[in-house]
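Protein chains in written order, with our numbering: chain A, 1 to 286; chain B, 1 to 483; chain C, 1 to 312.
Derived by calculation from the structure, the hints in this document are not laboratory data. Be a bit skeptical, because a hint or two may be false.
So, partial list: chain B residues that the calculated Cβ filter (under 8 Å) puts toward chain A [as the list claims (entries may be wrong)]:
1) G72
2) A73
3) G75
4) R80
5) A83
6) Y87
7) Y129
8) W133
9) A221
10) G222
11) S432
12) L435
13) A457
14) R474
Cβ coordinates follow ideal geometry from the N, Cα and C atoms, glycine included.
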Amino acid sequence: MTTDRIGVRKTYKLFIGGAFPRSESGRSYPVRSASGEFLANAALASRKDVRDAVRAARAAVPKWSAATPYNRGQILYRIAEMLEGRRAQFVDEVALSEGGSDAARTVDAAVDRWVWYAGWADKIAQVYGGANPVAGPYFNVSTPEPCGVVGIVSPQASSLLGLVSVVAPAIVSGTTAVVLASEDRPLPAITLAEVLATSDLPGGVVNLLTGRVAETAPWLAAHMDVNALDLTGVTDAGLATELERAAAENLKRVLRPVQPDWFAEPAIDRMTALLETKTVWHPKGV
Amino acid sequence: MAFEYAPAPESRSIVDIRPSYGLFIGGELVSGSGGRIKTVNPATEEVLAEVVEADASDVDAAVAAARAAFDGAWGRMPGRERAKYLYRIARIVQERARELAVLESIDNGKPIRESRDVDIPLVAAHFFYYAGWADKLRYAVAGPRPGSQPGGTRPLGVAGQVIPWNFPLLMLAWKIAPALACGNTVVLKPAETTPLSALAFAEICQQASLPPGVVNIITGAGETGRLLVEHPGVDKVAFTGSTEVGRLIARAVAGTRKRVTLELGGKAANIVFEDAPIDQAVEGIVNGIFFNQGHVCCAGSRLLVQESIADELLEALKRRMALLRVGDPLDKNTDVGAINSAAQLARIRELSAVGEAEGASRWSAPCVLPERGYWFAPTLFTGVSQAHRIAREEIFGPVLSVLTFRTPAEAVEKANNTPYGLSAGVWTEKGSRILAIADQLRAGVVWANTFNRFDPASPFGGYKESGYGREGGRHGLEAYLDH
Amino acid sequence: MTATLAEVARSEAALRAFLHGLPGVDQVGAEQRAAMLGTRSIKTTAKQWAIDLAIRMVDLTTLEGADTPGKVRALSAKARRPDPADLSCPSVAAVCVYPSMVSTAVDAVSGSGVRVASVATAFPSGQAPLPVKLADVGAAVRDGADEIDMVINRGAFLSGRYLEVYDEIVAVRGACGGAHLKVILETGELATYDNVRRASWLAMLAGADFIKTSTGKVQPAATPPVTLVMLEAVRDFQAATGRQVGVKPAGGIRTSKDAIKYLVLVNETVGEEWLTPDRFRLGASTLLNDLLMQRTRMATGRYSGPDYFTLD
């Protein structure tokens, strides 16, 4: 009598500074499929995990923002290659997490979305910056610059396509991110973290926390070393308002919650919202 | 005790040069009906291979294949899918980088250090850069045409592209990447003395599973180029080469619907002010005229040095030139390789003789030139004035003409006093001066405190008789869109 | 020294005008030149020659609070005979130690031709009154040091008190007697290549026999572009005065590949007259074993391992 082979199940952990630690709180929570079956225990992130993730994101800023745009584009393109390589795994996880029959189309769109953003790395400055024709003997040019560290609340329902649509635009220009995954559908996010860890993305550029948005987001929103806050995935209007108020303390740039059609081609506003613009003047004279 | 560098040859075994090649048409290598021409290794004069000299029926077939692809799969393909083909090509170029660099050095004569560190990486970078534009064209143009479709951009159709021998694969990348990104199909003719890397590129297109007919490569000489440019099935002509031929092309397309861009010759002024960072300026001068054996349209072939530092600068320049290592292109320590052809060598020699006859003082870097092959020692002429032929005509070789000036205004005047207008260099530590001079120079590319820097994101092209249109950057897409 | 150059240090204003009048250094251009020279491919006979030369140029260094006579004796033994398994291997140029260790080193290298270099002048910070710094030099010289590696007063330099820096170097030169003087610029603290050029000239005008990049206690220590700028200064100083000053990069030179890159820099900036331990040194400790490993590989054809080379 032959026995069926027992599978080796994956442990789902946080992704901070390029490594996969458990939550410092030691807590976890059960993740269920769209049809209610138990899938895994995901780490339940605490405020200290948020603190550590922000520290890792900040530490990664100098190197990531100083990389040439070509280099960032290459790294993001490599991520797309890794995503494509794991297509089957993602299709399974998206199907389990979201239900429905759209998983394959969703994963393809997510990979293509990532490729679209990768191609912006060495172009956004040409579209969003430029020479300004001032009235005087001055050379004047505006260039976009990354804002530093952004905290992102990912979409709750669109666990992969929505996720890449908020993460890629944030990092393509040199910003680093602390990402709160979809509370109930975090598994594709953690697999994405594995993809990031095996591409050439420096540790700390993307940090991923799983857990309860209402518990972790306020710490991110109030953190004085975070420069911007993307509230896209906050579904509770009251919470969104509180978070925006907390963010006001150090004047973070805030993106308010939205629920777009994630399949539609985006505009460039998700990138530009997280960009500073630096304008330099220099006289012209012999 | 002298530090002699032992020979450090890059191995040839990585390339596989076939004795003869066909034409790449409709995704296949076909034998074509034209005659045959040989391509030679300029460092040794050894015959490398035979290629086809495409005739009228070959050109017809290539244009027809490009048209079929444009009307078919390629024309219907969304930008994001075209992008993925271009990304594949970029990746394959990276994977085969060493092989392509060796092949380029063997066929062209340029040092392996340059083909390895400059040419081939830029080839990959151009394909990567333009891959990313393929699905973003609506952001590339400054506003859609009134009445045009949503998105506002359309490709032109079939592009006929003719490229020179000085940066064979790089010039191919400058032409093909933006054309394909915009949704056009191409027929490209490499130069007759450097066909091999383009034929290797044909194989790369096959490895990338590029739909047949999107890229067609036809080899040949001037006549093949003329047939291609004048073919009624070509919607867009792109040419890089001499101003003389550029003129012929401009005449040939007159009155037709064909759009044309031309990147032609130059006689760039490299202006060194008295407050320049001297050691880096010397590097910039050397790089400006001796990089790629001076076979560069934007070469800094006229040094304009402020009189107050002229002696000091020239002494430093000669000292630096004496360190240039001229020799085997496949030796990793070679700085200056072979002249591309016997014809080009004859021209360089002729104009250098003219320089002496005109009364300029000639100085060449001491170096031992190999017996076989086409070689010319890095040379400079001092005591040159604007009226000399060597200050006006493009030599396209490792020959620098040195003139002096007293004031910024005089420098600008001399720099602009030429029918060409491709590039210029400015060396000074004073920022305002850089910007003021850059403003006044009538040149499409101004390099300040650097020279010969290229990037796919940076538009390149000339004023006046150096041609029109820009390659690289967002501007490089305009030539390939009907907007 | 030419008449005009001798005048340069007669006042703070004159010295400042001279140093600030030197041509600037474009950072990107200098770094590119150094990087391009780093692509030179040095193989076979050229590599063997370069490795042996590099060994002969090493100033084998120990500058730790925990140094003891035992440690210095072991270092000196290695300096005399770097590879006990191969007696054809040349000795290094010098051992470099703190003043308190000079007598031990002198005894330990006696008769071998290896020189004893001592750091001095309140190395590495230089933050002490001048009499203390001169006494430091005096002690090392009395105990038999052949060479003194001093540090310049970076605080004075960065606040523009050039004449003070100059006068200190002149005073130290005097205290050296017959010992040769290396002046450490601490390029990592000078921060710009323009400053490195100015400090190089200042040290040479004040009588330095060698200019040295770093103490090795501050990052960054020696780098190819910084060394390039110093070599260019030395070249220009020779053209102006006829005097040849040596150059010593120190700190961060770990592999044979690194060492050979520096030799290429020397070769293509100042030329073969500087390709001798009298004009060029490499301040290092772990470098020596990598040079020995490469030397062995070139001789035997096999990659070696650390077990085959002594730690001391």
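Now the hints, each set against the structure:
no.	hint	result
1	G72	violated (23 Å)
2	A73	violated (18 Å)
3	G75	violated (20 Å)
4	R80	holds (6 Å)
5	A83	holds (7 Å)
6	Y87	holds (7 Å)
7	Y129	holds (6 Å)
8	W133	holds (7 Å)
9	A221	violated (36 Å)
10	G222	violated (36 Å)
11	S432	holds (4 Å)
12	L435	holds (4 Å)
13	A457	holds (5 Å)
14	R474	holds (5 Å)
Of the numbered hints listed earlier, those contradicted by the structure are 1, 2, 3, 9, 10.
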